[in-house]
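Visitor: My request is simple: use the sequences and hints to build the entire structure.
The listed protein sequences derive, respectively, from chains F and R.
For the first sequence, this note's numbering assigns the number 1 to the initial residue and increments by one for each residue that follows.
For the second sequence, this note's numbering assigns the number 1 to the initial residue and increments by one for each residue that follows.
Keep in mind that the hints were calculated from the coordinates and are not lab data.
As the structure is a computational prediction, the values presented were derived from the model and not from experiment.
Certain hints may be false.
Mimicking DSBU-like on lysine-lysine, the simulated pairs with C-alpha atoms at most 30 Å apart in a straight line are [claimed, not checked]:
{"#": "1", "chain 1": "R", "residue 1": "Lys78", "chain 2": "R", "residue 2": "Lys57"}
{"#": "2", "chain 1": "F", "residue 1": "Lys103", "chain 2": "R", "residue 2": "Lys78"}
{"#": "3", "chain 1": "F", "residue 1": "Lys52", "chain 2": "R", "residue 2": "Lys14"}
{"#": "4", "chain 1": "F", "residue 1": "Lys68", "chain 2": "F", "residue 2": "Lys106"}
{"#": "5", "chain 1": "R", "residue 1": "Lys57", "chain 2": "F", "residue 2": "Lys103"}
{"#": "6", "chain 1": "F", "residue 1": "Lys60", "chain 2": "F", "residue 2": "Lys77"}
{"#": "7", "chain 1": "R", "residue 1": "Lys11", "chain 2": "F", "residue 2": "Lys106"}
{"#": "8", "chain 1": "R", "residue 1": "Lys78", "chain 2": "F", "residue 2": "Lys52"}
{"#": "9", "chain 1": "R", "residue 1": "Lys14", "chain 2": "F", "residue 2": "Lys103"}
Across the chosen pairs, the derived CB separations fall in these ranges [stated by the list, open to error]:
{"#": "10", "chain 1": "F", "residue 1": "Asp54", "chain 2": "R", "residue 2": "Thr76", "range": "38 to 44 Å"}
{"#": "11", "chain 1": "R", "residue 1": "Asp18", "chain 2": "F", "residue 2": "Glu16", "range": "47 to 53 Å"}
{"#": "12", "chain 1": "F", "residue 1": "Glu16", "chain 2": "R", "residue 2": "Thr76", "range": "45 to 51 Å"}
{"#": "13", "chain 1": "R", "residue 1": "Lys78", "chain 2": "F", "residue 2": "Phe18", "range": "44 to 50 Å"}
{"#": "14", "chain 1": "R", "residue 1": "Val74", "chain 2": "F", "residue 2": "Arg67", "range": "27 to 33 Å"}
{"#": "15", "chain 1": "F", "residue 1": "Gly78", "chain 2": "R", "residue 2": "Gln17", "range": "47 to 53 Å"}
{"#": "16", "chain 1": "F", "residue 1": "Asn59", "chain 2": "R", "residue 2": "Gln80", "range": "37 to 43 Å"}
{"#": "17", "chain 1": "F", "residue 1": "Lys68", "chain 2": "R", "residue 2": "Gly40", "range": "46 to 52 Å"}
{"#": "18", "chain 1": "F", "residue 1": "Gly78", "chain 2": "R", "residue 2": "Gly40", "range": "36 to 42 Å"}
{"#": "19", "chain 1": "F", "residue 1": "Thr28", "chain 2": "R", "residue 2": "Gly28", "range": "45 to 51 Å"}
{"#": "20", "chain 1": "F", "residue 1": "Tyr30", "chain 2": "R", "residue 2": "Ser58", "range": "20 to 26 Å"}
{"#": "21", "chain 1": "F", "residue 1": "Gln81", "chain 2": "R", "residue 2": "Phe66", "range": "25 to 31 Å"}
Here a beta-carbon is modelled for each residue, glycine too, at the ideal position from N, C-alpha and C.
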Amino acid sequence: GDSVTQMEGPVTLSEEAFLTINCTYTATGYPSLFWYVQYPGEGLQLLLKATKADDKGSNKGFEATYRKETTSFHLEKGSVQVSDSAVYFCAPRAGSYQLTFGKGTKLSVIP
Amino acid sequence: GAGVSQSPRYKVAKRGQDVALRCDPISGHVSLFWYQQALGQGPEFLTYFQNEAQLDKSGLPSDRFFAERPEGSVSTLKIQRTQQEDSAVYLCASSLSSYTGELFFGEGSRLTVL
Numbered sequence: 001g002d003s004v005t006q007m008e009g010p011v012t013l014s015e016e017a018f019l020t021i022n023c024t025y026t027a028t029g030y031p032s033l034f035w036y037v038q039y040p041g042e043g044l045q046l047l048l049k050a051t052k053a054d055d056k057g058s059n060k061g062f063e064a065t066y067r068k069e070t071t072s073f074h075l076e077k078g079s080v081q082v083s084d085s086a087v088y089f090c091a092p093r094a095g096s097y098q099l100t101f102g103k104g105t106k107l108s109v110i111p
Numbered sequence: 001g002a003g004v005s006q007s008p009r010y011k012v013a014k015r016g017q018d019v020a021l022r023c024d025p026i027s028g029h030v031s032l033f034w035y036q037q038a039l040g041q042g043p044e045f046l047t048y049f050q051n052e053a054q055l056d057k058s059g060l061p062s063d064r065f066f067a068e069r070p071e072g073s074v075s076t077l078k079i080q081r082t083q084q085e086d087s088a089v090y091l092c093a094s095s096l097s098s099y100t101g102e103l104f105f106g107e108g109s110r111l112t113v114l
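Guide: What follows is the structure in structure tokens.
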């Protein structure tokens with residue numbers, strides 16, 4: 001079945017540091033790829049997505065590029081803020097509807 | 001409402017009790033999903049509805065778990081004879097259609113079975 005491997009956390013960075021959270025996946029067919037974020041005390045929300053190879057999803061300064069050849073969708077941000085502290089989930093969607101979530105990577109940004 | 005609403009937010013049950021968790025999706029959203037999130041893990045798919053039809057229940061862990069959406073809006077996840085391993089956060093999500101991929105999640109119902 002489909003699976004996702006995410007970089008293990010927790011990740012602790014200083015404000016304005018560069019962030020990379022690695023994500024690789026296995027999926028049948030040609031999946032769409034998503035990053036979801038869960039801020040403390042809130043529900044999961046979509047951060048960004050990409051639906052075909054070489055697409056770049058971006059939002060709130062975060063970016064991820066769909067790399068079909070390496071089956072990866074790494075999340076990056078050039079300068080993190082304290083408000084980015086959250087848990088980040090990579091999730092491919094193969095087939096018509098079912099998302100498969102990774103275990104999540106907890107990010108803590110310190111001032 | 002403005003978002004997906006779940007109740008109760010917290011539920012403590014004694015082992016063997018039945019529980020019911022409610023989900024109010026965003027108005028007009030056709031698709032509704034239930035996920036189970038154990039501590040420190042990602043959400044795992046339980047079941048999927050399109051309107052009132054339950055199209056996929058392959059993720060339900062046992063026949064003690066039952067979900068319904070009788071009028072195509074509100075959904076209830078019922079767990080009978082709860083066990084300690086059922087302790088988790090149960091997440092509900094809805095979307096305009098199953099093909100958009102953007103799910104809108106509620107804050108979840110945290111179930112603790114003693």
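Visitor: The structure should be examined with respect to each hint, and the outcome stated for every one.
Guide: The hints, checked one at a time:
1. Lys78/R / Lys57/R: holds (13 Å)
2. Lys103/F / Lys78/R: Cα-Cα ~25 Å, so holds.
3. Lys52/F / Lys14/R: violated (47 Å)
4. Lys68/F / Lys106/F: holds (25 Å)
5. Lys57/R / Lys103/F: Holds: Lys57/R and Lys103/F sit about 22 Å apart, inside 30 Å.
6. Lys60/F / Lys77/F: holds (9 Å)
7. Lys11/R / Lys106/F: With a Cα-Cα distance of about 25 Å, the restraint between Lys11/R and Lys106/F holds, given a limit of 30 Å.
8. Lys78/R / Lys52/F: violated (38 Å)
9. Lys14/R / Lys103/F: holds (28 Å)
10. Asp54/F / Thr76/R: 38 to 44 Å: holds (43 Å)
11. Asp18/R / Glu16/F: 47 to 53 Å: Taking Cβ atoms as reference, Asp18/R and Glu16/F lie about 51 Å apart, which means the hint holds.
12. Glu16/F / Thr76/R: 45 to 51 Å: holds (46 Å)
13. Lys78/R / Phe18/F: 44 to 50 Å: For Phe18/F against Lys78/R, whose Cβ atoms are near 47 Å apart, the range 44 to 50 Å holds.
14. Val74/R / Arg67/F: 27 to 33 Å: Given range 27 to 33 Å: violated, Cβ gap about 41 Å.
15. Gly78/F / Gln17/R: 47 to 53 Å: Since Gly78/F and Gln17/R have Cβ atoms about 50 Å apart, the given range 47 to 53 Å holds.
16. Asn59/F / Gln80/R: 37 to 43 Å: Because 41 Å falls inside the window, the suggested range holds.
17. Lys68/F / Gly40/R: 46 to 52 Å: For Lys68/F and Gly40/R the Cβ distance comes to about 30 Å; the hint is violated.
18. Gly78/F / Gly40/R: 36 to 42 Å: violated (28 Å)
19. Thr28/F / Gly28/R: 45 to 51 Å: Taking Cβ atoms as reference, Thr28/F and Gly28/R lie about 31 Å apart, which means the hint is violated.
20. Tyr30/F / Ser58/R: 20 to 26 Å: With Cβ atoms ~22 Å apart, the hint holds.
21. Gln81/F / Phe66/R: 25 to 31 Å: Since the Cβ atoms of Gln81/F and Phe66/R sit about 43 Å apart, the hinted range of 25 to 31 Å is violated.
Hints 3, 8, 14, 17, 18, 19 and 21, counting from the list given before, are not met by this structure.
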